[in-house]
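Trainee: Sequence:
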Amino acid sequence: MVYTPQKNASSKTSRLITSVSFAALLLSPTSSAFAVEDETIGFEEIVVTATKRGAQDIQSVAMSVSALGESTLKDMGVSDFDDYAYSVPGLYMIDQGPGDKLYLMRGVGSSASSAVGIYLDEAVLTGNNPEDGGGRNVDIKVYDMQQIEALRGPQGTLYGASSFGGTIKMITNKPNPSATEGYVDGTLSQTKDGGTNYIVHGMVNLPIVEDKFAVRVVGWHHDESGFIDNLRLGNEDYNTEKTTGLRTMLRFEPNEKMSLTAMWVHQQMDIGGRQRFFHEDPKRAAIPLADGSTVDNTEYQGDLVNGDYILDASTDNSDIYSITLDYDFDTLKLTAASSYFDREVNYWFDSTPILVYFGLPVPAYTNQPQQRSIWSNEIRLASDYDGPINFVVGALYAEEKRDWEVRVATVGADGAPTGPWVFGPDHDYLGAGGTPFGQEPSFFHRTIDGKMTQTALFGEVTFDISDKLTAIAGMRYFDSNISETRQLVHGFGGPFNQPKLEDEASFNKTTFKGSLSYQATDNMMVFFTVAQGFRQGGLNPPGLEGGFVDTEIPTRYKSDDIVNYELGIKTEGFDGRLTFNATVYHTDWDDIQAREYNVTPFIVNAGAGRVNGFELESAARPMEGLTLTGMLSYTDAKITETQTIGDSGVEFRDSGRAGDPFFNVPKWNLNLAAQKDFPVTNELDGMVRVDFSHVGKTRTKYRADHPYNQNLAAYSLMNLRAGVRTENWQVMLFVNNLLNTRAEINKVYFEQEDPATFTNRPRTIGVNASYNF
Numbered sequence: 175m176v177y178t179p180q181k182n183a184s185s186k187t188s189r190l191i192t193s194v195s196f197a198a199l200l201l202s203p204t205s206s207a208f209a210v211e212d213e214t215i216g217f218e219e220i221v222v223t224a225t226k227r228g229a230q231d232i233q234s235v236a237m238s239v240s241a242l243g244e245s246t247l248k249d250m251g252v253s254d255f256d257d258y259a260y261s262v263p264g265l266y267m268i269d270q271g272p273g274d275k276l277y278l279m280r281g282v283g284s285s286a287s288s289a290v291g292i293y294l295d296e297a298v299l300t301g302n303n304p305e306d307g308g309g310r311n312v313d314i315k316v317y318d319m320q321q322i323e324a325l326r327g328p329q330g331t332l333y334g335a336s337s338f339g340g341t342i343k344m345i346t347n348k349p350n351p352s353a354t355e356g357y358v359d360g361t362l363s364q365t366k367d368g369g370t371n372y373i374v375h376g377m378v379n380l381p382i383v384e385d386k387f388a389v390r391v392v393g394w395h396h397d398e399s400g401f402i403d404n405l406r407l408g409n410e411d412y413n414t415e416k417t418t419g420l421r422t423m424l425r426f427e428p429n430e431k432m433s434l435t436a437m438w439v440h441q442q443m444d445i446g447g448r449q450r451f452f453h454e455d456p457k458r459a460a461i462p463l464a465d466g467s468t469v470d471n472t473e474y475q476g477d478l479v480n481g482d483y484i485l486d487a488s489t490d491n492s493d494i495y496s497i498t499l500d501y502d503f504d505t506l507k508l509t510a511a512s513s514y515f516d517r518e519v520n521y522w523f524d525s526t527p528i529l530v531y532f533g534l535p536v537p538a539y540t541n542q543p544q545q546r547s548i549w550s551n552e553i554r555l556a557s558d559y560d561g562p563i564n565f566v567v568g569a570l571y572a573e574e575k576r577d578w579e580v581r582v583a584t585v586g587a588d589g590a591p592t593g594p595w596v597f598g599p600d601h602d603y604l605g606a607g608g609t610p611f612g613q614e615p616s617f618f619h620r621t622i623d624g625k626m627t628q629t630a631l632f633g634e635v636t637f638d639i640s641d642k643l644t645a646i647a648g649m650r651y652f653d654s655n656i657s658e659t660r661q662l663v664h665g666f667g668g669p670f671n672q673p674k675l676e677d678e679a680s681f682n683k684t685t686f687k688g689s690l691s692y693q694a695t696d697n698m699m700v701f702f703t704v705a706q707g708f709r710q711g712g713l714n715p716p717g718l719e720g721g722f723v724d725t726e727i728p729t730r731y732k733s734d735d736i737v738n739y740e741l742g743i744k745t746e747g748f749d750g751r752l753t754f755n756a757t758v759y760h761t762d763w764d765d766i767q768a769r770e771y772n773v774t775p776f777i778v779n780a781g782a783g784r785v786n787g788f789e790l791e792s793a794a795r796p797m798e799g800l801t802l803t804g805m806l807s808y809t810d811a812k813i814t815e816t817q818t819i820g821d822s823g824v825e826f827r828d829s830g831r832a833g834d835p836f837f838n839v840p841k842w843n844l845n846l847a848a849q850k851d852f853p854v855t856n857e858l859d860g861m862v863r864v865d866f867s868h869v870g871k872t873r874t875k876y877r878a879d880h881p882y883n884q885n886l887a888a889y890s891l892m893n894l895r896a897g898v899r900t901e902n903w904q905v906m907l908f909v910n911n912l913l914n915t916r917a918e919i920n921k922v923y924f925e926q927e928d929p930a931t932f933t934n935r936p937r938t939i940g941v942n943a944s945y946n947f
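Residue 175 is where the sequence shown starts when you use the numbering used here, and the numbers rise one by one after that.
In short, the hints are calculated from the structure, not lab data.
Accuracy of the hints is not assured; some may be wrong.
[What the hints assert, rightly or not] Derived DSSO-like pairs: lysine-lysine, alpha-carbon spacing no greater than 30 Å straight-line:
hint	residue 1	residue 2
1	386	457
2	575	642
3	457	248
4	366	431
5	457	812
6	226	683
7	575	386
8	507	683
9	226	850
10	850	366
11	366	674
12	625	674
13	366	226
14	732	642
15	431	507
16	386	507
17	871	841
18	431	575
19	812	871
20	226	732
21	683	575
22	248	386
23	226	248
24	850	674
25	457	348
26	457	732
27	226	431
28	457	850
29	226	575
30	850	248
31	841	732
32	642	683
33	386	348
34	674	812
35	625	575
36	625	457
37	507	416
38	457	575
39	226	507
40	812	841
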């Protein structure tokens, strides 16, 4: 089998040129396509909650924010993050499969803690996995959503440390105490090089006390086939996904001023294996070992195949609990919210490459069971005065707990563990406890128990200097404490049962935001914003010296900081049939949190960088039933100060040097969509929709000459949907990944991984049917 990355061949170049030409037409505010005026076909007003001052028209909010409404999400066939991420300007992901994604916005997001805040209503779901690059954002299915908002740039004043590069808010439909309603939805599809996929989801809303109290229940089940074969184990299409979830909401509205909303979400995800294959790579013929020799591992490479030694199935279970009180005092609105997010992940990967690297050719696994919880509490007060001054002020208290283990032991020829998990000197494979070499299964066992508490005060004040000119000033102060208990239970060849090591650190910081906006006309606003952002610091495990790093490693790392400057314009015209928004920005990033491996990962503050970019967004309705949307973003992100470990001046292996581009950050990102709605009969309507996305090339390391760097080719994706619908039901045929693009979403290669490509699902053809009642 031969795998050839999809490059910019002439046919693809032609498609891209055509797409960009279409974008230029769409993004032109003076397009002649709007010569015929019709006030009845303009867009409905889109309102967002980004400022925490209640619902506001998106075109009047002086910030870079995108929103996908309920009807758009349904028309696109969105079920999770992958389905809408390509339509958000400046949003990228380092994707290692379901439940293991690291999000980046505007190039901000190194391989340390997560830099993009994730919210489900008021519940904080932001991923945090510094041992494995800050990924592991939970993949909650996004059914029955009111809308999804993407706030670009640092949101340090209103949303805090987790929103270093931006924020994604998933806003649910709330229980309706005035109507009984619901829907059922089913999808059947077939994946090329894979199998059959089944998806079913539905919702029911029931008033318990009319106009006062209601319950809303949403459920879903996904059974999605795999499409990657493990040739070594003879395991075909093993990277399956089975996800079952339930969201239950209660809402009490005793009067017009007060509402109390409670939510519980449970999701269970069973993942058959990681979504990666061993691409053909010349390096695979001579993989370096620690003793200077090489090994040839070309037998198990090719398109959608790999040669892992283990069965790397994993589980990912999440529970979200929240309660939110809203009370309207006419000119003041009080919001008090408490949420608890609990997640348990049992993660597996192949450890054979690292053992081979150190001269021990033994098939083995690494198992990382981990549990993480976030208890977040926020209270805020937002004004709605008729006068020139309005504000939002609030306070937050949060606790985060994390239990994490690393277990390394042997597997058999079938890829399964050779026995139940045991550890200690009597079970050491290397015989360090006196048992014969190779007779026992265990190599390593380490535990980490951590806790973080955080308090914060925040506020923003809006001052209408005149009817057209508005100023905003914001500030946030946070104080946090981190404590960790680590224990080496079973080292490689010993020692065993080491004493528990405890460490703690405290961090505090104040961030600011300032903004000016000018309403030039009823249909045009210009704004300029300066905003700071920060990311929480943390602790490194002790005793990491030696190995790949030849200098002292700091036991803790501090928060890194960014300052973002942006100038934006928002316009609409032709009786609401065209919107055009543009933003240009510059970001300075200091004390970058950078991750390095010394067999075990650690994080240091190293170097500085900057990002220059622009974003264009437009939506047009040139004629009745035709909707066009377009997005184009450019991100030029580079290191400005060479990264070294602390003040030592010593570079580490993954150091970025001045002038290097940020890794995993493509310069170009394009998304275009066209949808035509048309009548078939008096009661039956038809719909045809096409979505096209293009992601530019990038690479996986700062330096092109890094021995483990992997280039990521540019790729284009296209989805097509067509069908008929009435007020109560619809049937849609669809083709996802119409071009059957083998996207190089991410690649990995280092001592612990053979060269591998994480990719998207191949072409999938199916039918979707739904019924509303």
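Trainee: Hints numbered earlier in the text: which of these fail when held up against the supplied structure?
Mentor: As far as the earlier hints go, 1, 2, 3, 4, 7, 9, 11, 13, 14, 18, 24, 25, 26, 28, 32, 34, 36, 37, 38 are violated by this structure, in ascending order.
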